[in-house]
Amino acid sequence: MSHSATSHTAPSHSAPSTLKMGIPIPNSKLGLWLFLGTEIMFFTAFIGTYIVLRLGSRGWPTDTHDTHINVFLGGVNTFVLIVSSYAVVVAHEAMAHRNFAKARSYLWGTLFLAFVFLGIKGVEYYGKISNDILPGHIAETASQSIQKVNRELELVVRDRFYDYTSSGVVKTDRPNDIVNIVNQISALPESTPPEGIDADTFAEYQVTAEADFQLFREWMNLHQHIVANVSLTQLSALPADLLAARDALKEGQKLPELTYEEVAAKLQDMKSNEKYGSYVSSGVFDPHPVVYGNIFASCYFLMTGFHAIHVVVGMILFGLVLKEGTRLNGTWTDFVENSGLYWHFVDLVWIFLFPLLYII
Amino acid sequence: MSHEDHNTHHVNYLAIFIVLCVCTALSVAFDVLPMSKPLTMVLVLAVACTKALCVMMFFMHLKFERNWKYVLLAPTTILAIGLPLALFPDIGASYYTPTAPQTGVWAEEIREYQAHHAAKAHSEVP
Chain W
0 MSHSATSHTA PSHSAPSTLK MGIPIPNSKL GLWLFLGTEI MFFTAFIGTY IVLRLGSRGW
60 PTDTHDTHIN VFLGGVNTFV LIVSSYAVVV AHEAMAHRNF AKARSYLWGT LFLAFVFLGI
120 KGVEYYGKIS NDILPGHIAE TASQSIQKVN RELELVVRDR FYDYTSSGVV KTDRPNDIVN
180 IVNQISALPE STPPEGIDAD TFAEYQVTAE ADFQLFREWM NLHQHIVANV SLTQLSALPA
240 DLLAARDALK EGQKLPELTY EEVAAKLQDM KSNEKYGSYV SSGVFDPHPV VYGNIFASCY
300 FLMTGFHAIH VVVGMILFGL VLKEGTRLNG TWTDFVENSG LYWHFVDLVW IFLFPLLYII
Chain F
0 MSHEDHNTHH VNYLAIFIVL CVCTALSVAF DVLPMSKPLT MVLVLAVACT KALCVMMFFM
60 HLKFERNWKY VLLAPTTILA IGLPLALFPD IGASYYTPTA PQTGVWAEEI REYQAHHAAK
120 AHSEVP
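In the order they appear, the protein sequences are chains W and F. Numbering of the first sequence is given in numbering that gives the first Met the number 0, commencing with residue 0 and proceeding in unit increments. Numbering of the second sequence is given in numbering that gives the first Met the number 0, commencing with residue 0 and proceeding in unit increments.
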C-alpha cells in the first residue's frame with residue numbers, strides 16, 4: 000500500500016476530535032465512585048451476614064443488660080456524623096465558590112466531630128470490654144457460666160498468690176504448683192521472715208495470708224463441686240467424701256447436680272466478703288448466660304470496628320487538606336469533593352448500623 | 000462537568016440536615032414508644048432508608064448526576080442484595096445444627112433424647 004493512497008483516507012491528526020469518550024466527570028471522582036462501589040459490597044457483606052445470622056438465631060440478645068449497648072450514645076454518634084456530613088458539604092460548596100477560609104473552618108469542624116465520634120465509640124467499647132462482652136468470652140449456657148466462674152476465680156487466686164511468690168515471701172521453684180504455695184501461705188501466720196524480707200513487709204503478708212487462704216478454700220470447694228457436678232448443698236465434694244456419699248446412695252438415687260443459680264449465689268456471697276470480696280469483684284465478671292452472645296459480639300466489633308477504621312481514613316484525608324493552611328486553593332476542590340463523598344459514605348454506613356445494632 | 004452541574008443546582012443543605020436530625024430523633028422515638036417489635040423494625044428501617052436517600056441524593060449530589068450513576072452503582076447494589084439472599088437458605092433458616100447445640104431448647108431436647116435412650120437400654124438389660 001502506497002503512502003499517497005493512505006493519506007487520502009486517514010483523518011487529520013492535527014484536527015481536534017469532537018468525540019468525548021468516557022464519563023463526563025473528573026477521573027478522580029470516577030475512581031472514587033468505583034472505590035465506593037467496592038465499599039458498598041464490603042459493608043453489605045457484613046451487614047447482610049449480620050441480618051442473616053440474626054434471623055437464623057432465635058433468642059438473639061437484645062436486652063441492653065446482656066449486650067451493654069448504649070442507645071443514647073449511639074444516637075449521639077449518629078447526630079455527630081450527620082452534623083459532620085453537613086459541615087463537609089458546606090466546605091465543598093465554599094471551595095466551589097473559592098471561599099477557602101470558610102471551607103477550612105468547616106473542614107476543621109468535620110475533623111473535630113470525627114474525634115468526638117471516635118471518643119464516644121471508645122467509651123462504648125470500654126463499656127463492653129469492662130463487662131467482658133467480647134467474642135469467645137461470653138457464656139451461652141448455664142454450664143458454660145459455671146465453668147467461666149471457675150476459671151476466673153482460679154485466675155484471681157493465682158494472681159493473689161503471685162504477690163507472695165514474686166516478693167519472695169513464699170519460696171518455690173514451681174510457681175504453678177498451687178498446692179505447694181497454698182501450704183506455705185497457710186503456715187505464714189506462724190512463720191518467721193525468710194532471708195531478704197524485712198519484718199514489716201512480712202507482717203503485712205501475714206495479715207493478708209489468712210484472707211487469701213480462705214479465698215483459695217472457697218474456690219477449691221466450688222471447683223470440687225464443679226468437677227464432680229454435685230450441688231453445693233452437699234457439704235463436701237472431696238473425692239473420698241464424694242465416693243462415700245455415692246456408695247451410700249440407694250439404687251435409682253443420685254446426688255443433686257450443681258445448678259447455675261447456686262454458683263451465682265455463691266459468687267455473690269464471695270463478692271460481698273469483707274476480706275477478699277474486692278479481688279473477686281474485680282476479677283470475676285457477671286457470669287449470666289447470654290445465648291448467641293459471642294456471635295453478637297463478633298458482629299458488633301467487626302462492623303463498628305471497620306466503620307471506625309473508615310472514620311480514621313476520612314480524618315487523614317481532611318488532615319491532608321488542612322495541612323495546606325492558608326495556602327488552600329482551587330486545585331484542592333476536587334480533592335475536597337472526593338473526600339466529602341467518602342465521608343458521606345461513612346455516614347451512610349452508620350445510618351444503617353445504628354438501627355440494626357442499637358435499636359432493632 | 001460535575002462542578003458545573005453542581006453549581007447550577009442549588010441545594011438547601013440546612014433543610015436536608017434538619018430532615019436528617021428529625022429522622023434520627025424519630026428512630027430513637029420508635030425505640031422508646033411501646034409498639035410491637037416487627038412494627039418497630041419496619042419503621043426504624045424505613046427511617047434509615049429515608050436518611051440514606053437524603054444523603055445520597057443531596058449530600059452526594061446523585062440526584063444531579065447523569066446516568067453513569069446507574070451504570071456504576073447497579074451491579075454493586077445487585078450483588079450486595081444478592082449476598083444475604085444467597086446466604087439465607089443455608090444459614091438464616093437454620094444456623095446452628097443439632098450436633099452443636101447452643102440454645103437451651105436444643106440442649107433440653109438432646110437431654111430428653113439421651114434420657115429416653117438410657118432408660119430404654121436399661122430396660123433391655125436382662
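Check the hints yourself; a few may be wrong.
Pairs of lysine-lysine, DSS-like flavour, derived with a Cα cap of 27 Å [as the list claims (entries may be wrong)]:
hint : chain 1 : residue 1 : chain 2 : residue 2
1    : F       : Lys36     : W       : Lys127
2    : F       : Lys36     : W       : Lys28
3    : W       : Lys101    : F       : Lys62
FYI, nobody ran anything at the bench for these hints, they're computed from the structure. Keep in mind that this is a model prediction, so the values were computed, not measured.
Comparing the hints with the structure gives:
no.: 1; hint: F/Lys36 / W/Lys127; in the structure: holds (25 Å)
no.: 2; hint: F/Lys36 / W/Lys28; in the structure: violated (41 Å)
no.: 3; hint: W/Lys101 / F/Lys62; in the structure: holds (25 Å)
In terms of the numbered hints stated before, the structure departs from hint 2 and from no other.
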